[in-house]
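All chains, full assembly: derive it from the sequences and hints.
If you read the protein sequences in the order shown, they are chains S and P.
Start counting the first sequence at 5; every next residue gets the next number (my numbering).
Start counting the second sequence at 147; every next residue gets the next number (my numbering).
These aren't lab readings, by the way, just hints derived from the structure by calculation.
Please read these numbers as outputs of a predicted model, since none were measured by experiment.
No residue lacks a Cβ here, since even glycine has one placed at the ideal position from N, Cα and C.
Selected chain P positions facing chain S (in silico; Cβ < 7 angstroms):
{"#": "1", "residue": "233"}
{"#": "2", "residue": "255"}
{"#": "3", "residue": "286"}
{"#": "4", "residue": "351"}
{"#": "5", "residue": "392"}
Anything over 10 angstroms on all C-beta distances counts as not near chain P; from chain S, calculated:
{"#": "6", "residue": "53"}
{"#": "7", "residue": "56"}
{"#": "8", "residue": "68"}
{"#": "9", "residue": "79"}
{"#": "10", "residue": "86"}
{"#": "11", "residue": "141"}
{"#": "12", "residue": "143"}
{"#": "13", "residue": "146"}
{"#": "14", "residue": "181"}
{"#": "15", "residue": "184"}
{"#": "16", "residue": "191"}
{"#": "17", "residue": "192"}
{"#": "18", "residue": "194"}
{"#": "19", "residue": "204"}
{"#": "20", "residue": "282"}
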Amino acid sequence: MKKLNKGYLPYLMVSPYLLHLLVFAAFPVVFSIILTFFNWNIISPMEWNGLGNWKHVISDRLFWKSILNTLKFLAVHIPLQIIIALALAEVLNQKIRFRGFFRAAFFMPVVISGVVVTIMWQQLLGYENGIINRLLVSVGLGKVGWLTDPDVAMISIALMATWKNVGLYVILFLVGLQTVPKQYYEAADLEGASHWQKFTRITIPMINPTIFMVMVLSTLGGFSLFIEPYIMTGGGPMNSTLSAVLYIYKEAFEYYHMGYSATLGLFFALMIVLVVIIQKRFIEKERHD
Amino acid sequence: MKMVRKILFYLVLTTAALSFVYPFYWMLMASFTPEKYIGSFILFPHELTFENFRSMFSKIPIERALLNSIIVSAINTGMALVFSSMAGYALSRMRFRGRSLIFIILIFTMSLPFLITLIPNYILMVKFGWIDTYLSLTIPFLVNALAIIMFRQAFQSIPQALIDAARIDGCGEMRIVFTILWPNIKPTIITVAILVFMSSWNEVLWPLIVIREENLMTLPQMVTLFAVGGRAEAQLGVKLASAVFLAAPIIITYAFFQKYFIQSMASSGLKD
Numbered sequence: 005m006k007k008l009n010k011g012y013l014p015y016l017m018v019s020p021y022l023l024h025l026l027v028f029a030a031f032p033v034v035f036s037i038i039l040t041f042f043n044w045n046i047i048s049p050m051e052w053n054g055l056g057n058w059k060h061v062i063s064d065r066l067f068w069k070s071i072l073n074t075l076k077f078l079a080v081h082i083p084l085q086i087i088i089a090l091a092l093a094e095v096l097n098q099k100i101r102f103r104g105f106f107r108a109a110f111f112m113p114v115v116i117s118g119v120v121v122t123i124m125w126q127q128l129l130g131y132e133n134g135i136i137n138r139l140l141v142s143v144g145l146g147k148v149g150w151l152t153d154p155d156v157a158m159i160s161i162a163l164m165a166t167w168k169n170v171g172l173y174v175i176l177f178l179v180g181l182q183t184v185p186k187q188y189y190e191a192a193d194l195e196g197a198s199h200w201q202k203f204t205r206i207t208i209p210m211i212n213p214t215i216f217m218v219m220v221l222s223t224l225g226g227f228s229l230f231i232e233p234y235i236m237t238g239g240g241p242m243n244s245t246l247s248a249v250l251y252i253y254k255e256a257f258e259y260y261h262m263g264y265s266a267t268l269g270l271f272f273a274l275m276i277v278l279v280v281i282i283q284k285r286f287i288e289k290e291r292h293d
Numbered sequence: 147m148k149m150v151r152k153i154l155f156y157l158v159l160t161t162a163a164l165s166f167v168y169p170f171y172w173m174l175m176a177s178f179t180p181e182k183y184i185g186s187f188i189l190f191p192h193e194l195t196f197e198n199f200r201s202m203f204s205k206i207p208i209e210r211a212l213l214n215s216i217i218v219s220a221i222n223t224g225m226a227l228v229f230s231s232m233a234g235y236a237l238s239r240m241r242f243r244g245r246s247l248i249f250i251i252l253i254f255t256m257s258l259p260f261l262i263t264l265i266p267n268y269i270l271m272v273k274f275g276w277i278d279t280y281l282s283l284t285i286p287f288l289v290n291a292l293a294i295i296m297f298r299q300a301f302q303s304i305p306q307a308l309i310d311a312a313r314i315d316g317c318g319e320m321r322i323v324f325t326i327l328w329p330n331i332k333p334t335i336i337t338v339a340i341l342v343f344m345s346s347w348n349e350v351l352w353p354l355i356v357i358r359e360e361n362l363m364t365l366p367q368m369v370t371l372f373a374v375g376g377r378a379e380a381q382l383g384v385k386l387a388s389a390v391f392l393a394a395p396i397i398i399t400y401a402f403f404q405k406y407f408i409q410s411m412a413s414s415g416l417k418d
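Shown next as structure tokens:
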């Protein structure tokens, strides 16, 4: 490959990608920004609205509630996801029998459509006849309004999402755990370190990059929460499970407020970027301390 | 003492594994259970019936939705394999002006939140007249940035001698990619195919937006609307039957190719 490769051919080979990028990524980003200054229901002509949409975002109570709901979801989902995934990965990393079976079992919900998982858990968490409540009653406890109590519903959805995704993170942690050099543990054994000490002093610092990755991935996944509340609760009861994406979806495709929902989308996307940057800072600081 | 600990350990682990598998077992059983017994069985229903499935087939054209999903996911997978490997090859084995710029853009757009592009893309579909056509389900998924990066990486590891030999034999670059290099990167092809197929198969938000015509709906979309809307008439059994129908193809495939699924999906996380 001394010469530049045969003129147009490489461009031809990347052209489907470039064309696609131009139409479905570059144009939408620009158009999205323009759209935030207009009111538009797609049918009638676009109507100039200046900074009206942006002002509306600031004072839109329901939008901020949807953000809070999403943060509530993340506050349960992320720590739980990391702890459970790390624990299961640590176990699977030992010499155990039937490792393949256990791995396959934990991973099963990951491959199955979120629609299936949601419909299934909607029944399992049912108030009257759901299995969970029947089990609670059989051990003498009361029923819980898993999806009907406004204080509980979002937590239920977060638990379900953790159940669905945790297998993926188990695998990621397993890959991370296998990169830790065995000599470190052997040296610690000579010093008489306990299992817990080895875990907190060697494992955790060594797999910090994986922890960060899992945190970012589950943050991004959590911010795009949509189909679970859409099917399970429709955002209720009392908007307690209205996620930000569900709200933006409703604004755009139920009320046809295209300009406003584009503004919400852009605002929310910038927020996501900001959160990920903060997480990165936080983790880096932890590592230096 | 050691024995007791070991038994306890496997007991806890098995309980954990069961909590991941049992809900699917329950759903499968419930879909074959008469409505009145669904709320009362835990392991075995009192009675089995095909009524839920019969009722589902009579209420919605779900077999048509299955066909749509297979067609759409197959097209998307095929296109992503062809176009992404072309771009991945050019980006790794050909030298041209703008190559590194394209690669930077590629990395950057991968982290672009879909919320920014969602509404403009819907408007594009309306303006192109692609609402209620297969085009809106396929063309926007023509290439896949992650797939390009994976192919680029795979092609980088191939020895230059192999490519040179093919060129001396008079092979064009396209033929090199598809007949000489593809057989050498089978694991990457399987990984990309599984990832693209699964993400296409499981996509719900986009079909909900661009498809309203019942005969063009994808399977997860139809099952979603069936579960949410009034068509299931609050009958649990029928809803669960539709969920089982949606899960079955993937569970069966997963049972046979479990190793590939786990490898592929884990590698998608690692590439970020």
